[in-house]
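Undergrad: Given next are the chains, with one letter for each unit.
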Amino acid sequence: MNPERFRKTQQLFNEAMLRPPSERDTFLAETCGGDALMRDQVTRLIGYSREQGDRPAMFIGGPAPAFDLPCTADAAGRQRVALSDFHGRWAVLVFYPHDFSLICPTELSAMNRRLDDFREAGAEVLGISVDSVESHERWLATPRSRGGLAGLGFQLASDEDGVTSRAYGVFLEQQHLALRGLFIVDPNGVLQFGSVHNLSVGRRTEDILRVLSALQTGGLCAEDWAPGLPTVDPIEALRSGSIVSHYRIEERIGTGACGCVYRARDIMLDRTVALKVIKPDGPLPPDAILAEARAAAGLSHNNVCTVYAVDETEGIPFIAMEHIQGRPLGDFIDDGPLAPESVADIGGQIARGMGAAHAMGVVHGDLKPANIIQREDGVVKILDFGLARAARPTADADGVASWVSSGSGLRGTPAYMSPEQAAGARASRHGDVFSLGVMIYEMLTGESAFPGPGIEEILDQVRATEADRFATAVPEPFSSILAAAMVREAGNRTITMDEIAGRLT
Amino acid sequence: MGQPGDITVLLEAARTGREGALDELMDRVYSDLERIALKHLSRRFGDNARTVTLEPAALVNESFLRLIKQRKSYDNRGQFFAIATKLMLRVLVDYQRQQMAQRRGGNLKRISLYLDGRPDPAATPGPGDSIAVEPLTRVLERLEALDPRQAEVVKMRVVWGMKVQEIAAALDLSPSTVKRDWRFARAWIIDEVTQVEPT
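Residue numbers (my numbering), protein chains in the order written: chain H, 177 to 681; chain V, 107 to 305.
Note that these hints are calculated values from the structure, not bench results.
Worth double-checking, as some hints may not be accurate.
Unchecked claim - Here are some chain H residues pointing at chain V (derived, C-beta under 10 angstroms):
1) Phe182
2) Thr185
3) Tyr224
4) His352
5) Ser389
Stated by the list, open to error - With a cut-off of at most 30 angstroms between alpha-carbon atoms, the simulated DSSO-like pairs for lysine-lysine come out as follows:
6) Lys175(V) - Lys269(V)
7) Lys192(V) - Lys145(V)
8) Lys184(H) - Lys145(V)
9) Lys145(V) - Lys175(V)
10) Lys269(V) - Lys285(V)
11) Lys184(H) - Lys269(V)
12) Lys285(V) - Lys145(V)
13) Lys269(V) - Lys145(V)
14) Lys184(H) - Lys285(V)
Here a beta-carbon is modelled for each residue, glycine too, at the ideal position from N, C-alpha and C.
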């Protein structure tokens, strides 16, 4: 090496180190051009560099360290293998210390016996050691009875200088060999599992297959999980005392189709919250629910239940919100007609809260008595913004029906839906206005606006609604509000939440 | 260890060009280092150690180390530093060879130096925790030809265990330059040892 090349190497090294690890390969490929020696050397140098406080280059959930190694021939006679060859499949990387040793053949043979199981799971196995390809080939040509590996169905790669073993953190510098490292890389090249045994303890194929299957479920797998068994339902697993993020569960206070609501303690802020935990396999995708909750999290109004946090980092999607103790509006309605002053008070509070939401562009989409709670001090709170919107964009009339009928206990949500929503349209401000109209009617009369009895009948009744029928059944100022709020066509339903609030005070 | 004062006198003599002063200085430093190193090595590692890893700076006394670290104040051309470093490495290599040559009980195969000081015993041993003395001397020669300043940094760091701030002060560099130099040089010597001098 000459000083000029040395300086160039140093310069590329320094520049690469300034970049995030994931971008270094691309950077070097661009800057080194055809100088593969330079690129390889700088890559090795980066591999040797452990800065204090640095996260190791390799970690679960991050990109698996790339490699491109000579190996024993595959069926097509190819004699090189790169991490990128596994793209789209799962890769099981098996580092082992040496060919012709005592434990390695037992491990590799056992994995070979279950090779069909690996492949059925969409995974490919690759053995990696510091031995040369020639040594691998001699080993493969040696019969089992003599400690060989004849008939091995997967390839063995040769990491003679230890660069790949080092990148995976399994290289023993002094002995110049790799520890028994096992890594599972997902089809996107992301490292999902890693374990390292010392040299004397072999890995069990059964365990590797278990982890692989567990990863592939995408769910929560407990200690006793085995392939074929169900994953942990977070709802089932959560009980009093469980900790989710920084919330300690105290008691389950509600159950719905999309999940459960718990009273919980925010350990950090030392306050009580309501924790809505979303079922991963519920009728609505958790992602959509969380996205809507995030949109509603910006809302701050006395009549709106505040969303504190939305999180899913531990595999349990949940919404932390203001814990409200009180009586749902549904209970009031079940008890019979409310006094007009109470209806004006409750209706006015709902309209003010909704007016604030609409002003921010947030639509509720599922206003109904079950989502309205009145505290003992009389303050009315609106809950569950956006839940319905999460469902609506993809749901046709059938989808809505199946959502409602899946035991949500939602007291017949279609009965509070606007005619256009019942016909499959998206939730809108006008839809919220219609729903409030229905609730005002029911509070005043103690009767269902759209009694059904079945979901199909309710939807038919909603779609055929006539505002006048409701307006004439109630006194002023409610009569004129319902006449405007319960108009069938959304475009003609021009009254706003603020106007309703104004007329009720 | 002899009195640093004696060494300072010899240094001054060598600087003013008195004939033989440099040889005398080298002899003096070598015998001091050897005596100290032998005593420490046999006491600390006995006869049974196969490989030992050490911090050479731990072998010499404080006043000698001060001479090394504050060389700027008396030794503008770094002559004494260069000599002392070379001699220290030679003492270690000689000791290793002598041990291997023993008929009986010569178990010692390798003396290594820590690259970043003694690693946390709880940490996983990693690449470049240490480097054997023999290849290090050869790698240092090559590095000296490519980039003398980085070779200086490596000697200060590996042989004398100097901290980044101390190296920066001794070489009139900014600490960040020293850090950058060291980060690269460290990786480079590991690579040289692995790629060019597989042991």
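Undergrad: If a hint holds in the structure, say so; if it doesn't, say that too.
TA: Results for each hint:
1. Against a cut-off of 10 angstroms between C-beta atoms, the interface hint on Phe182(H) holds, since the closest Cβ of chain V lies about 4 angstroms away.
2. Taken as an interface hint, Thr185(H) checks out: its beta carbon lies about 8 angstroms from the nearest beta carbon of chain V, inside 10 angstroms.
3. This hint holds: Tyr224(H) has a C-beta 4 angstroms from the nearest C-beta of chain V, less than the 10 angstroms allowed.
4. Hint on His352(H) holds. Least Cβ distance to chain V is approximately 7 angstroms, under the 10 angstroms limit.
5. Here the hint on Ser389(H) is broken, as its CB sits about 29 angstroms from the closest CB of chain V, past 10 angstroms.
6. Taking the CA atoms of Lys175(V) and Lys269(V), the gap is near 10 angstroms; set against the 30 angstroms cutoff, the hint holds.
7. For the suggested pair Lys192(V) and Lys145(V), the alpha carbons sit about 19 angstroms apart, so the restraint of at most 30 angstroms is met.
8. With a C-alpha separation of about 44 angstroms, the suggested pairing of Lys184(H) with Lys145(V) is violated against the 30 angstroms cut-off.
9. Distance restraint check for Lys145(V) and Lys175(V): the Cα-Cα separation of roughly 23 angstroms lies within the 30 angstroms cut-off, and the hinted pair is therefore satisfied.
10. Between Lys269(V) and Lys285(V) the CA atoms are separated by roughly 10 angstroms; this keeps the pair inside 30 angstroms, and the hint holds.
11. At roughly 27 angstroms between alpha-carbon atoms, Lys184(H) and Lys269(V) fall within 30 angstroms of each other, so this suggested pair holds.
12. Restraint check for Lys285(V) and Lys145(V): the C-alpha separation of about 34 angstroms exceeds 30 angstroms, so the hint is violated.
13. The straight-line distance between the Cα atoms of Lys269(V) and Lys145(V) is roughly 26 angstroms, inside the 30 angstroms bound, and the hint therefore holds.
14. Proximity of Lys184(H) to Lys285(V) is assessed by CA-CA distance (about 18 angstroms); at most 30 angstroms being required, the pair is judged to hold.
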